[in-house]
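Student: Line order of the protein sequences matches chains A and B.
The first sequence maps to residues 1 to 94 in this note's numbering.
The second sequence maps to residues 1 to 151 in this note's numbering.
Source of the hints: derived by calculation from the structure; they are not laboratory data.
Be aware that a few hints might be false.
[Stated by the list, open to error] Ranges between beta-carbon positions, derived for each pair: (1) A:51 x B:11: 34 to 42 Å; (2) B:30 x A:90: 19 to 27 Å; (3) A:15 x B:106: 21 to 29 Å; (4) A:53 x B:17: 41 to 49 Å; (5) A:47 x B:127: 41 to 49 Å; (6) B:127 x A:76: 47 to 55 Å; (7) B:127 x A:73: 34 to 42 Å; (8) A:40 x B:137: 42 to 50 Å; (9) B:114 x A:66: 21 to 29 Å; (10) A:16 x B:124: 35 to 43 Å.
[To be verified] As a list, the in silico EDC-like pairs of lysine to aspartate or glutamate whose alpha-carbon atoms are at most 20 Å apart: (11) A:58 x B:62; (12) A:58 x B:71; (13) A:58 x B:113; (14) B:124 x B:20; (15) A:58 x B:74.
Even glycine gets a Cβ: it sits at the ideal position worked out from N, Cα and C.
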Amino acid sequence: MGTMPVEVRLPTLLRPHAGGAASVEAQGATVGEVVADLTKRYPGLSGQVVDADGGLHKFVNVYRNDDDIRYLDQLDTKVDDGDVISILPAVAGG
Amino acid sequence: MTGRSAFARPTLRLSVRQYETIVGHCYDGLPDEACGLLGGAVTEDGEPTGLVTSVYPARNADASARTYTVDSRDMIRALRDAEGAGGALVGVWHSHTHTDAYPSDTDVRQAAEPGWVYVIVSLKDGAPVLRAYRIRDGEIRETQVVVEMRH
Chain A
1 MGTMPVEVRL PTLLRPHAGG AASVEAQGAT VGEVVADLTK RYPGLSGQVV DADGGLHKFV
61 NVYRNDDDIR YLDQLDTKVD DGDVISILPA VAGG
Chain B
1 MTGRSAFARP TLRLSVRQYE TIVGHCYDGL PDEACGLLGG AVTEDGEPTG LVTSVYPARN
61 ADASARTYTV DSRDMIRALR DAEGAGGALV GVWHSHTHTD AYPSDTDVRQ AAEPGWVYVI
121 VSLKDGAPVL RAYRIRDGEI RETQVVVEMR H
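Using the sequences and the hints, build the whole thing.
Tutor: So this is what it looks like as C-alpha cells:
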C-alpha cells in the first residue's frame, strides 16, 4: 500500500455523500482498495462506484491520473503515492 | 442549492465554427448517434455562464443509432483541456437521428451533471435542429441558443 493517502476527485452528484467535498483522500495499493477505504470513510458512497457484484459500476468511469482503469487492470490497477484518482459519471443518454 | 434560482438558464453562446463542428460531427456519425462535450466559462458557483469556448467531438462508445455514451478517454481529454484553459466542461451534445431535438426519457434518467447544458441536434428532417436544455431532478427546461460571429 502507498504510504500516503491519494487524492480522489468526486463527481458533482457524489459530493453530497462526502460532505460536499469535490476532492477527498483515501488510501490503498490498488484502485479497489482506495474505493473500499473511501466507502469506509464515507458510507454514503457505498454502492455508488462498485456494484453489488464487486465490479465497477457501469455508470461511472474511474481514472488513475488520465487513464481509464477499464483499460488498465480495472479495480486491481496499482496506485502509487502522488497518483490522483478521478471518478466521473459516464455521460450517456438516448 | 437555492431552489429555483439555482436552476438558471443561461443563453448558450456558440460561435459559427463551433456550431458547424457540432452539426458536422452529428452528420459524420450517421447512422449512429454522435456526441461530444462543451467546454466553457463557469461562475464561482460552477454554473455555466453560457459562453462555450471549446467543443470536443467524441466517439460514441455505444456505436448505436438509439443511445450514446461519450467514450471515457475522450471525456478525460476534454476535461483536462477545458480545465487547463481555466474553464470547465459545461455540457454535452448528442444527435437524435429520427426524433425531435427534445430530451428522451433515457436522456433525463441518465443526466448525471446537474450543472450542465444538454444540447440535442435532431437530424430527422432536411435541416438540422439544435436545441439546448437544463436537466435536473427529472425536470427539463429549455435554454436559448445563440450562434454568433466570434474569433
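Student: Now tell me, hint by hint, if it's right for this structure.
Tutor: Hints, one by one, checked against the model:
1. A:51 x B:11: 34 to 42 Å: holds (39 Å)
2. B:30 x A:90: 19 to 27 Å: Given range 19 to 27 Å: holds, Cβ gap about 23 Å.
3. A:15 x B:106: 21 to 29 Å: holds (24 Å)
4. A:53 x B:17: 41 to 49 Å: Hint holds: Cβ distance 46 Å, inside 41 to 49 Å.
5. A:47 x B:127: 41 to 49 Å: holds (45 Å)
6. B:127 x A:76: 47 to 55 Å: Distance hint for residue 127 (chain B), residue 76 (chain A) holds at roughly 50 Å.
7. B:127 x A:73: 34 to 42 Å: Violated - the Cβ-Cβ distance for residue 127 (chain B) and residue 73 (chain A), about 47 Å, lies outside 34 to 42 Å.
8. A:40 x B:137: 42 to 50 Å: Given range 42 to 50 Å: violated, Cβ gap about 29 Å.
9. B:114 x A:66: 21 to 29 Å: holds (25 Å)
10. A:16 x B:124: 35 to 43 Å: holds (38 Å)
11. A:58 x B:62: holds (13 Å)
12. A:58 x B:71: holds (13 Å)
13. A:58 x B:113: holds (16 Å)
14. B:124 x B:20: holds (17 Å)
15. A:58 x B:74: Holds. Residue 58 (chain A) to residue 74 (chain B) sits at ~17 Å (cutoff 20 Å).
Hints 7, 8 from the earlier list are contradicted by this structure; the remaining hints agree with it.
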